[in-house]
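First to last, the sequence lines map onto chains A and B.
For any residue, its number in my numbering is found by taking its place in the first sequence, counting from 1, and adding 20.
For any residue, its number in my numbering is found by taking its place in the second sequence, counting from 1, and adding 106.
Among these hints, one or two may not hold up.
With a straight-line Cα cutoff of 25 Å, these simulated BS3-like cross-link-like pairs (lysine-lysine) come out [unchecked claim]:
#, chain 1, residue 1, chain 2, residue 2
1, B, LYS290, B, LYS272
2, A, LYS105, B, LYS222
3, A, LYS319, A, LYS358
4, A, LYS72, B, LYS290
5, A, LYS80, A, LYS397
Since the hints were derived computationally from the structure, they do not count as laboratory data.
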Amino acid sequence: MKTTLKQLAAGAVAALSLGLMAAPALAADTIRIGSFLSVTGPASFLGDPELKTLELYIDKLNEDGGLLGKQVELVHYDDVGDAAKARTFANRLLRQDRVDIIVGGSTTGATMAAVPLIEQAGVPFISLAGAETITTPVKKWVFKTPQSDRQAARRVLIDMKERGITKIGLISGTGGFGASGRNVTKEIAGDMGVEIVADETYNPKDTDVTSQLTRIRGTEGVQAILNFDFGQGPAIVTRNYDQLGIDLPFYQSHGVASDSFLELAGDAANGLRLPASALLVADKLPKSDPQYQVLNRYKNDYEGHYNESVSTFGAYAYDGLQLAIRAIKQAGSTDKAKVRDALESIDGYVGVTGTYRLSADDHMGLDAESFRILEVKDGDWALTQ
Amino acid sequence: MFSEFFQFSFSGITLGAIYALVALGFTLIYNASHVINFAQGEFLMIGGMGTVVLMDAGAPIYLAIPGAIVMAGIAGVLLHKLAIAPAKNADVVTLIIITIGASIFLRGLAQIFWGKDYHALPAFSDTESLSVGGAVLLTQSLWILGIATLLVVALGLFFTRTALGKALLATSMNKDAASMVGIKTGAILTLAFGIAALLGAVAGVIVAPITFTAYDIGIMLGLKGFIAAAIGGLGSSTGAILGGLLLGLAEAYTAGYISSDYKDAVPFVLILVILFFLPNGLLGSRAVERV
Numbered sequence: 021m022k023t024t025l026k027q028l029a030a031g032a033v034a035a036l037s038l039g040l041m042a043a044p045a046l047a048a049d050t051i052r053i054g055s056f057l058s059v060t061g062p063a064s065f066l067g068d069p070e071l072k073t074l075e076l077y078i079d080k081l082n083e084d085g086g087l088l089g090k091q092v093e094l095v096h097y098d099d100v101g102d103a104a105k106a107r108t109f110a111n112r113l114l115r116q117d118r119v120d121i122i123v124g125g126s127t128t129g130a131t132m133a134a135v136p137l138i139e140q141a142g143v144p145f146i147s148l149a150g151a152e153t154i155t156t157p158v159k160k161w162v163f164k165t166p167q168s169d170r171q172a173a174r175r176v177l178i179d180m181k182e183r184g185i186t187k188i189g190l191i192s193g194t195g196g197f198g199a200s201g202r203n204v205t206k207e208i209a210g211d212m213g214v215e216i217v218a219d220e221t222y223n224p225k226d227t228d229v230t231s232q233l234t235r236i237r238g239t240e241g242v243q244a245i246l247n248f249d250f251g252q253g254p255a256i257v258t259r260n261y262d263q264l265g266i267d268l269p270f271y272q273s274h275g276v277a278s279d280s281f282l283e284l285a286g287d288a289a290n291g292l293r294l295p296a297s298a299l300l301v302a303d304k305l306p307k308s309d310p311q312y313q314v315l316n317r318y319k320n321d322y323e324g325h326y327n328e329s330v331s332t333f334g335a336y337a338y339d340g341l342q343l344a345i346r347a348i349k350q351a352g353s354t355d356k357a358k359v360r361d362a363l364e365s366i367d368g369y370v371g372v373t374g375t376y377r378l379s380a381d382d383h384m385g386l387d388a389e390s391f392r393i394l395e396v397k398d399g400d401w402a403l404t405q
Numbered sequence: 107m108f109s110e111f112f113q114f115s116f117s118g119i120t121l122g123a124i125y126a127l128v129a130l131g132f133t134l135i136y137n138a139s140h141v142i143n144f145a146q147g148e149f150l151m152i153g154g155m156g157t158v159v160l161m162d163a164g165a166p167i168y169l170a171i172p173g174a175i176v177m178a179g180i181a182g183v184l185l186h187k188l189a190i191a192p193a194k195n196a197d198v199v200t201l202i203i204i205t206i207g208a209s210i211f212l213r214g215l216a217q218i219f220w221g222k223d224y225h226a227l228p229a230f231s232d233t234e235s236l237s238v239g240g241a242v243l244l245t246q247s248l249w250i251l252g253i254a255t256l257l258v259v260a261l262g263l264f265f266t267r268t269a270l271g272k273a274l275l276a277t278s279m280n281k282d283a284a285s286m287v288g289i290k291t292g293a294i295l296t297l298a299f300g301i302a303a304l305l306g307a308v309a310g311v312i313v314a315p316i317t318f319t320a321y322d323i324g325i326m327l328g329l330k331g332f333i334a335a336a337i338g339g340l341g342s343s344t345g346a347i348l349g350g351l352l353l354g355l356a357e358a359y360t361a362g363y364i365s366s367d368y369k370d371a372v373p374f375v376l377i378l379v380i381l382f383f384l385p386n387g388l389l390g391s392r393a394v395e396r397v
């Protein structure tokens, strides 16, 4: 009994030291990009296209000779949308896999759970989640590719101003996304010269919001209505809006910029506007558009390889990976501090989500203009300008 | 001013009719077994999602709807045979907990096999809404109210005019006595679950054009339906309809006249107030303690 225990312990020590020696040895031959994504579970609609995008483009990169003359290796874990698991996997990426950079974090919860570890370890991290808290205030090692809801709200208000709208009614869901959207809209509306004259909410599971819409319609001076939410709630708002026959301009947020929303809302969606990624209208853009090439290349690559439609979420991973590649190229090595500095200095990378201008005090680098205002016409997306 | 009032009322009636229909299913099983079946919401889900799945598979809507309703009926029978009947000697609370487990199980199955997306069903009438007194009334609300009324009448007739219905009532009143006069009480209870599932599925199909349908639609509708049934007095079909309408109208008026922020508190305040003054609900029979 004693000997077996001793043998076991010796074996374990040997295995451990082997493992410890093996990791840096591996890291010398390849560039290791780490990732933790919600590929399965409730946030799989984010993680699944993100992982597919990373795999597709890392394979392409290796076929073309790799990066800095080395092959690139993707080390990936599925956090199933669980923040605690994301933290564990981030730890493993940092300590065991010794990755050079991390591109991942499908949800804000997963990202924020991993941030303290990553900050402590000092590894560049490009998050694919949306919330503003990820990069505000600026954290030394943390970057992100999606816009925050502040940019979406600003884009909507800019479009309203252009149409001469200054008094609006706001209707939002009480879930996390809707509540956060409502807060930023109220925060920035004053500065932009738009007054919120009616402010209604609904539960994300509600099946009827005609009472709220009737109240907004009855408010004096209201010139347009903005619905900030995601999921099926906005489809119900859109239908009720149509059933009530309200003829004010109607706006949705970027939260519903997907074809499944059009399917649910049906004809009722015609005429509404929303801020969205140019990816939804990639083939309708003029050829002169600076994003035309990159958008259509990504769309064709992805759809050709996986035989399913692209999503804006996969595009966040595309941009994250491209930013990482650029930074490593520019740094000329995988030295973590140099790569971090190079990321911060990227100014004018034209990506799928927008044109990134990163800096020391902006680790996201997109402005409101990266959203396009789309209008629903005959059940399809159309550009407004 | 009046058009707003009408609009809030119509909105409340739409919501109320949905809740009422769900409440009916609770009533039926409660009558037969004194069990509150928390899987009732999942029968709605099977009705709605089943229709969507069958239509995706190429079935025309007039076949998909009956198909989904039958599917739910089978699920109801299986629920009783496999989960409730084996625990027949357990007390009512245990059975209620079993139904909660069954609801989670059914929801999980639907999530895995039918997906997590929301789906829309087309409205039954071509004209989607009518204008009445400056307010808009959905034609689908009229369908829901009409079908709910029909079902109440049919249930009433079933319980008072048919041998099977009377057997069901007898079983709920005294199981031992019922089996002594030759009623197969086990089969009768299976039947009650089957019918409740059918009712739920019908509700699930006719509310889907308004509420959409998805694997988790049963949680919210089931809860609201249960509250409506409790307000009306568990066990009374007419009470279920009244309770549903009252709940829907209260929610709509709160959202319209007070603030949408307080709307979600309404059901709970309502149930507290009503059960405080009328412990048996609006139309519930006075509880009789048998000695």
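For each hint, the structure was consulted:
no. : hint                : verdict
1   : B/LYS290 - B/LYS272 : holds (12 Å)
2   : A/LYS105 - B/LYS222 : holds (22 Å)
3   : A/LYS319 - A/LYS358 : violated (32 Å)
4   : A/LYS72 - B/LYS290  : violated (58 Å)
5   : A/LYS80 - A/LYS397  : violated (37 Å)
Violated hints, listed in ascending order, are 3, 4, 5; each of the other numbered hints is respected by the structure.
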